[in-house]
Structures are given as structure tokens and as C-alpha cells.
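Engineer: Sequence:
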Amino acid sequence: MSSARCVAQTKEIYDHLLEVPVSRDQLNHYRNVAEDARSELAATLVKFECAQSELRDLRSKLLSKEAFCQELKAEMENYKENNARKSSLLTSLRDRVQELEEESAALTASKIRTEITAHTAIKENQELKKKVAELDESFQKCLKEIEENKNQVSKNCRQHEEFLAQLGDCLDPDKKNEKASYEDLILKLRELCEENAFVKGQIVTLEETINVHEMEAKASRETIMRLVSEVNRAQEKAASCTKEKGKLNQDLLSAVETKEALEMEVRILQERLLAGQQVWDASKQELNLLKKRSCELEKSLEASVDAAAASRSQYFSFREKVAALLRGSWGTTGPKEDAIVERIREMTSQEESRKKMVSQLEARISELVEQLGNESGFHQKALQRAQKAENKLEVLQGQLTHLEGELVSGDVLRDNLNFEKQKLRTQKERLESKELHMSLLRQKIAQLEGEKQVRSALAVERDEASLTLRKLQKKVERLQKELSVCREANTELKAKLADTSELKIKTLEQTKAIEDLNKSRDKLEKMKEKAEKKLTSVKSELDTTEREAQEDKERAKNMIEVVTNEMKTLKKSLEEVERREKQLVDFREVISKMLGLNMTSLALPDYEIIRCLERLIHSHQHYFVTCACLQDVPPRGERHTQSHLKLLH
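In this text, residue positions in the sequence shown follow the UniProt record's numbering: the first is 1, and each later residue adds one.
Read the hints as simulated data drawn from the structure, not as lab findings.
As the structure is a computational prediction, the values presented were derived from the model and not from experiment.
All residues carry an ideal CB built from backbone N, CA and C; glycine is no exception.
Be aware that one or more of the hints could be misleading.
To be verified - Subject to a maximum C-alpha distance of 27 Å in a straight line, what follows is the list of computed DSSO-like cross-link-like pairs (lysine-lysine): (1) K553 - K123; (2) K65 - K471; (3) K523 - K356; (4) K47 - K474; (5) K129 - K534; (6) K481 - K471; (7) K150 - K200; (8) K593 - K200; (9) K73 - K506.
What the hints assert, rightly or not - Here are the in silico distance ranges between beta carbons for each label pair: (10) M527 - D136: 40 to 46 Å; (11) R425 - S53: 23 to 29 Å; (12) G596 - L143: 47 to 53 Å; (13) A219 - K243: 34 to 40 Å.
Please model the complete structure; the sequences and the hints are all you need to start from.
Structural biologist: If you want it as C-alpha cells, here you go:
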């Protein structure tokens, strides 16, 4: 509709111009003006094409910048996510490091306790060594007494043989070189039975005392067996403790495999350490009980030694009265040290398990330190990326300033285009007036047809110029919108730069925290090395104490075996002596009965029996003056009896 109106208006103008007369000068002027307008249109078209190419370049640059800004946004979001993750990891690692420090403090406390217990165990071992030395001394004394008893038994046997020989000589002086038969001596010495009965009563009392001592020895043996059973129970407890330690080791291996359940497992390990300490306290109590029982055994040993001394004194007094009686001996054994050795082994096994715990915790700490190192590397990479992003942002800011300058130049071009539009409008008006004049001259000049074609071409070009101007206006509006978007993106990038600066500060704080954690780790490693050195020294001391205790125990066992063998031999010799003593007592009773002596008297001396025998022999040899011989004994006989008594004693 608008084009039709324009065509109608132009026709009216042309008709009006055709009616107006036109000269040649005006036509030439119009031609010059048209040529000038054509040249200006060509220049404007070239400028317009340049502006279009620049706008295309700006569009491509803006698109690339938008893509780059989106990439930067994505990277910033990734940085934020990584920073949040790393901050959470750092908090968790700090918590874990605090827990590990607490665990290390607990371990140091437990190590100090173990050192204290080791020192106490060493002191106790030294005390036990002293006790073992005292027991060795007492054992050597017992051995000396046993040797003395053996010598006395041999002396008594010799005296018994001499006594029999003297009795044979006294009873049968004709048969001095021949041995007298017991039947002859029994027939001649029946009167000795009464005195022998009295001696038997005393021997029965001594046997009762010996039985009492044997009952006491049995009671001490039963107590020793009870101690052995308690030691076996302690060994069973130690085996159960070793089983529990195996379970603890399995739990530790599962804890290494499962990193997520580390905190719960550490608590479980702490509880188990407390249980181990309780077991350790229980073992200490058991050691104290064993010490008390050993003290009781020592007291019982002292009581038995005192009783044995009393019995020895009684036996010596009786031997002074009765020449053929012998003295018994009694031996005791010292307490065993199996419980102490087992407890020391338990201590060493517990120290080994704690060393394993410490080594596993050290491996865990090293893994955490490696994770911290990796995270610090990631932080450094993130810082490098942030620096690169800052450099890119600076480049983008420079590009934005350049684009703003280009937009300013675009504004200038737009002003120039507006100015050219105004020129075109004025030229339009002029052309319209000229066309009117040319239309007036159309009827008169046939040559103006070409100019009409030129005018039509100019009209087409004018329409195209108007369309291009509209397009340029739209493009300028789009560019303004894009500028506003770029400014908003610039503000967002500035905010992100502020966030990156905050992230830098946080990363610096994290690096400081990591350095502090490394320092604490170095301190923990130093503490661990010191604890390991102390543990090795304690282990060496415990090994030496174990070896010494085992050697002392073996020595005590060997000494006990020797004492038991000697006791058996002494018992056999005592039985033989008792048998001979019984024979002698029976022989004496028979002789005393035959002589008609009083056996009911308390102590019938041997010299009276010998005197009676000498009288009988003397009366038998001479057959006369029997009463005088029985009443009056010559002094030589008394001297002879005194010499016999000396020999008997």
C-alpha cells in the first residue's frame, strides 16, 4: 500500500514537473548533483559494508567471550565445590589428628605405666634372686647337716659293731676271736628286755614326733600342689589372654582394611587396652598373692626347720643316754617361680602387641600425611588455576575495554550515519525537486529517460539503504543489550575474583594448618622413637631377667632332686639302723632278763649290765666264792666297764 502511494505521488510529481519548463543548465546541474549523490552513496555503501564486517567480528568475539565466561563460571563452580570438599576433608583430618594425638598421649601414658611396671618387676625379680640366694644358703646348710648325719650314722654303725664285739668278748672271753651267735647272747641276756621296753616307749614317742613332722611335710606338699594348680590356672588364663590378643590382631587387620570405621575401631582398641590393663592389674594381684603364699611357705619352712632343730636336740640328748639310737633328718624344698616367669612372658607379649598397635597407628598416620600432601598438591594446583583465571579475567577486562572503545567508535559511526541520513533526506528533497523538474522536461527531452532509470535505481538503492539502516539500528540495540550482559558478567567475574581471593586466604590458612599438622606428626614420630628405644631396653632387661630366673629355677630343681635322692638314701640307712637298733634292744632286753636286772627303772646304764656279765663270767670261770664275786667287784672290772662305756659313747 505504501509503495502504491509512493508511485502515485511520484507520478503526480512527474506530471507536475513535465508541465514545468526546464532549461539545459538546470539539466546539467541536476546531472552533476546526481553524480555527486551516486559517489556519496557508493562511499556510504563501502562504509556500511565495513561496519557490517566489524559487527560480525564483534559478534564472533562476543560469542567466544560468552563461551569463555561460561567456562570460567563452570571452573569457578568446580573450584567452589572442591574448596568445600577440601574444607570438609581438612576438618575431618583435623578431628582425626586430634584423636590421633589423644591416642598417642594415651599410648605414652600406657608406655610410662609399662615402664613403671617393668621397673617394679625388675625390683621384684632382684628380691626373688636374693630370696633364692638365701634358700641356696639354707640348702647348703641342710646338705652340710645331712653329711654330718651320714658321718654320725657311720660312726654309730661302727660303735654298734664294736659294742657287739665287746659284748661277745665279755660274755665269752674264751671265744674272743670268734663271733658269738645271737641265740647264745639272747639266752644269756634276757634281763635286758625290760630296759629295752623302756627304750621302746621312748622310741615310740620319737616315732610319733616323726609322724607329726611327716604330716606337716605332707601339708606343705599339698600347699605346693595347690600352688602348682594355681600356676596352671594362671597359664590357662595366659592362653586365653593370647587368644584374645589374636582376636585383637584380627580386629586391627580388619580396621586397616576398613578406613571408614577408623574412629569406632580406635574406641574398641582403647577399650581393649583398658581390658589389657585390667588383666595386667589382675596378674599383678596374682603375683602379690603368690608372694604372700611364698612368704607363708617360708614361714612354714622356718617352723619346720625349728621343729627339726628341736627334734635334733631331743635326738642328741637321747643319743647321749642311749648309745645305739640315731638321729633323723628332714629336708624342705623351696617355692617354685613358674608364676613369675609366666607373668613376665605375659608382659613381653603385651608389649609386643602394643608395639604392633603403635606400628599400625604410625602406618595410619603416614597414610593421613600422604593424603594431606596430595590435598596440598591439589590446593596448589587450584591456586595455579585461580591465578590463570585471574590472568584470563585481566585479559577479558582488556578485551572488554577494547570492545567498549569499539562500541564508542560504533556510536560515532552511528552519529555519522544519522548525519548521512540527514544528508540523504536533504538530497531526497533536492532529488524530488529535480525529478519534478525532470518530469516537466520529460516530454520535451527524450534523453531524460535514462535519467528516469537512474532515478528509479536511486530509489531502489534508497530503499535498500533504509532497510540497511533499520537493520543497523536493530544491531545497535542488540549490541547495547550484549554490552549490558557483558557488564553484568564483568560484575559477576569481579565477585568471583573476590571469592577467589577469599579462597586464597582459606588455602593459605589450610597450608598453615597442614604445616602445623606436619610439625605435630614430627613430634609424634620423635615420641614414638623414644618409646621404641625405651621398649627395646625394657625388653632386653626383661629377657635377661627371664634367663636368670630360668637358670635359678633349673638350679633349684637340680638341688631339690639331689636333696630328694639324698633323703631317700638317708631314709634307707635310717631304716637299716632302726632294724639293727631293734635287734640290739631285743638282745639287751634278753640279756637284762637273764641277768635279773630291773627294766622298769627309768634308765638302766650299760655299764651295770656289763658289770653283771663280768661277774657272771668270773663266777662261771672259778666255780667258787660266787656270792663274794657278785657282791665285791675288783677295781679292774670297773676300769674295764668305764673303758667300755667310753667306747660306747
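Engineer: All hints are to be evaluated individually against the structure, with a verdict given for each.
Structural biologist: For each hint, the structure was consulted:
no., hint, verdict
1, K553 - K123, "holds, 18 Å"
2, K65 - K471, "holds, 24 Å"
3, K523 - K356, "holds, 20 Å"
4, K47 - K474, "holds, 18 Å"
5, K129 - K534, "holds, 24 Å"
6, K481 - K471, "holds, 15 Å"
7, K150 - K200, "holds, 23 Å"
8, K593 - K200, "holds, 16 Å"
9, K73 - K506, "holds, 20 Å"
10, M527 - D136: 40 to 46 Å, "holds, 44 Å"
11, R425 - S53: 23 to 29 Å, "holds, 27 Å"
12, G596 - L143: 47 to 53 Å, "holds, 48 Å"
13, A219 - K243: 34 to 40 Å, "holds, 36 Å"
Violated hints for the displayed structure: none, as all numbered hints are satisfied.
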